[in-house]
Amino acid sequence: MTGETANPKAYPLADAQLTITILDLIQQAANYKQLKKGANEATKTLNRGISEFIVMAADTEPLEILLHLPLLAEDKNVPYVFVPSKQALGRASGVTRPVIACSVTTNEGSQLKSQIQQLKDAIEKLLI
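The sequence shown begins at 1 in the UniProt record's numbering and counts up by one.
Keep in mind that the hints are not guaranteed to be accurate.
Straight-line distance between alpha carbons at most 16 angstroms, and here's what the computed EDC-like set of lysine to aspartate or glutamate pairs gives [unchecked claim]: (1) Lys9 x Glu64; (2) Lys86 x Glu61; (3) Lys120 x Glu61.
The calculated label-pair distances, taken between Cβ atoms and stated as ranges, are [claimed, not checked]: (4) Pro8 x Gln111: 13 to 23 angstroms; (5) Leu127 x Asn47: 27 to 37 angstroms; (6) Pro62 x Gly109: 38 to 48 angstroms; (7) Glu108 x Lys9: 30 to 40 angstroms; (8) Lys9 x Lys113: 17 to 27 angstroms; (9) Lys113 x Pro8: 15 to 25 angstroms; (10) Glu124 x Tyr32: 29 to 39 angstroms; (11) Tyr32 x Pro8: 28 to 38 angstroms; (12) Glu108 x Pro8: 10 to 20 angstroms; (13) Val95 x Pro62: 17 to 27 angstroms; (14) Asp75 x Lys9: 17 to 27 angstroms; (15) Glu61 x Gln117: 11 to 21 angstroms; (16) Leu126 x Leu72: 34 to 44 angstroms.
Please keep in mind that the hints were generated in silico from the structure rather than gathered at the bench. Using N, Cα and C, we set each Cβ at its ideal position, and we do this for glycine too.
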């Protein structure tokens, strides 16, 4: 992790333990083709109503380029969370580039259903 202080607009920010859990699930979602990478793709999944939850990088410069996502997510009742590093988010997503936002999508017969549900509950606790 970098020594930079996270932007205060990046709320809610996952702690170290939750970040590991989130990145782990993102990696599995990527394997199961249940992951959309990038702010534009995440926006599309929200609009289409197929997003389970949204993960954004707190070290995005400028952060404003993805601050439409929390508003949209709240409208659609989709939990969202920030992780400290876009580099780590990119690695977990299975690409070499940094990823500033991604969306885990719904899939009826998915093996990740229970893990996604547990993580959604954890994220919702942060928002309270």
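Now for the hints, and whether the structure bears them out:
{"no.": "1", "hint": "Lys9 x Glu64", "verdict": "holds, 9 angstroms"}
{"no.": "2", "hint": "Lys86 x Glu61", "verdict": "holds, 10 angstroms"}
{"no.": "3", "hint": "Lys120 x Glu61", "verdict": "violated, 26 angstroms"}
{"no.": "4", "hint": "Pro8 x Gln111: 13 to 23 angstroms", "verdict": "violated, 37 angstroms"}
{"no.": "5", "hint": "Leu127 x Asn47: 27 to 37 angstroms", "verdict": "violated, 21 angstroms"}
{"no.": "6", "hint": "Pro62 x Gly109: 38 to 48 angstroms", "verdict": "holds, 40 angstroms"}
{"no.": "7", "hint": "Glu108 x Lys9: 30 to 40 angstroms", "verdict": "holds, 35 angstroms"}
{"no.": "8", "hint": "Lys9 x Lys113: 17 to 27 angstroms", "verdict": "violated, 32 angstroms"}
{"no.": "9", "hint": "Lys113 x Pro8: 15 to 25 angstroms", "verdict": "violated, 34 angstroms"}
{"no.": "10", "hint": "Glu124 x Tyr32: 29 to 39 angstroms", "verdict": "violated, 23 angstroms"}
{"no.": "11", "hint": "Tyr32 x Pro8: 28 to 38 angstroms", "verdict": "holds, 34 angstroms"}
{"no.": "12", "hint": "Glu108 x Pro8: 10 to 20 angstroms", "verdict": "violated, 38 angstroms"}
{"no.": "13", "hint": "Val95 x Pro62: 17 to 27 angstroms", "verdict": "holds, 22 angstroms"}
{"no.": "14", "hint": "Asp75 x Lys9: 17 to 27 angstroms", "verdict": "holds, 18 angstroms"}
{"no.": "15", "hint": "Glu61 x Gln117: 11 to 21 angstroms", "verdict": "violated, 33 angstroms"}
{"no.": "16", "hint": "Leu126 x Leu72: 34 to 44 angstroms", "verdict": "violated, 18 angstroms"}
Checked against the numbered hints above, the structure violates hints 3, 4, 5, 8, 9, 10, 12, 15, 16; every other hint is satisfied.
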